[in-house]
Amino acid sequence: MKFVKNQESDETLDLVCRMCPMHLMEPGEKLRCLKKGQVLEILTDYDGALEDIPEWCKKCGQEFLGIEEDEDCYKLYIRKRK
Amino acid sequence: MENVYMDHAAATPVNREVVDAMLPYFDREFANPSTVYEMGSRVRQVVEEQRAKVASLIGASPEGIIFTSSGAEANNLAIKGVAFAKQKKGNHIIVSAIEHHSVLNSARFLERMGFEASFLPVDEYGLVSPGRLMEAIRPETVLVSIMHANNEIGTIEPIYELSLVCREKGVMFHTDAVATVGNIPVKVDDLGVDLLSLSGVSMGAPKGIGALYFRERTRLMPLIHGGIQESGRRAGTENVPAIVGLGKASVLAAERLGSSEDSLRIQEMRNALVSGVQEHIEHSKYTGHPEKRLPGHASFCFEAIEGESLIFMLSQGGIYANTGSACASKALKTSPVLVAIGIPTAMAQGSIVFTMNNTNRSEEVEYVLEKLRQAVGKLRSFSPIWKEKQAA
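Heads up: the sequence lines are chains A and B, in that order.
Quick note: the first sequence uses numbering that gives the first Met the number 0, first residue 0, plus one each step.
Quick note: the second sequence uses numbering that gives the first Met the number 0, first residue 0, plus one each step.
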């Protein structure tokens, strides 16, 4: 698992309280609104996302930057590559 | 005279245009909106169009609308959804003492789950005081829920002032607007609310459909888990015909509310009924606020009779009204709303609520007044309490 600290982002997607498969459906839509090179921050309290999102990034050709643990959720960072 | 229906707070007739809009979604366009083929995505598109129509009626963004099965479900989702989502921040919620049962019982459910709930008292008109709300908010308060208008006494609460208190204290604010959306102009930004519940049943849409509005960045714990419907916030295949009905009813309501004529006419009928009762029926009390109230809402308590008997007697003459409270009608218990506004129990038993809309006519008011006078007189003639009173 790859960890980051104080990672900056251009947009935040709050998926706290929402469950599988929303963490795999909404990032794609949100990334469409970003420019190449911009970073999306995903907030989630769903443990499954920690494995699913890096895997999803590989499949979709996006760069997974890492995870940071916050008080009440995980923050996952994706850089838009395409 | 044919039947006179004055119970629009309980249910409204579904407009013909609404029925026509819904019909294709029972058979021709029956596909599941979550499917990926064209037949399904066509229906998905229609659902999203209705979301925009409902959002437009209340001045909200379509992304902030969740379709539910009713106003009661919307209230449950708002209260439990926010409380569970914010559990780490605090465990206290505040509701008024005169909320609908879907709010009161959600709060009581949360108490069983380890939360604390405060039930704010109201004044003699049913108004919640912003000062009292300010005092009730604690550091651990996560949600306040105060209804926009009370269905039993018609009083419209000072929602904007109450929302300012919540904003100052950094607490989320929900309003149950089932009684107002479609009946008076309601805009979420004018009210300053974070969440708002509405229902189809009180605005000319079919039963079994409601919606919850939530402001951007509001976290809600879903109550129904399952699929991806409603962006994962409320699972279950969408009730597409009813959603189309709510969308169409929202458009019609916006048109109707755009003209002040209807509203004035409804208010005039209400005022005629109120002054007729006050003039001709002694020992009666007009409940709720005299001015800050729903335009078509007239509620009374008649001393020494029972509301249910009165409703029954009027219905035999083709007049349909309500006692206003399921407690009074079905559970034979005094209405908590009337208790909260300080109506003595003996008076509160004789509660009746008339709710009119644009389908009512002024001749009907005359007819209701005549039959009401007769029915109250007849019931009092059987009443030992009335006889004692007369003797005294």
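Just so you know, the hints here were simulated from the structure itself, not pulled from any lab data.
Keep in mind that a hint or two might mislead.
A short, non-exhaustive set of chain B residues, derived as facing chain A with CB atoms under 7 Å [unchecked claim]:
id : residue
1  : 87
2  : 113
3  : 218
4  : 220
5  : 234
Glycine residues also receive a C-beta, built at the ideal position from the N, C-alpha and C atoms.
Hints, one by one, checked against the model:
no.	hint	verdict
1	87	holds (5 Å)
2	113	violated (18 Å)
3	218	holds (5 Å)
4	220	holds (5 Å)
5	234	violated (9 Å)
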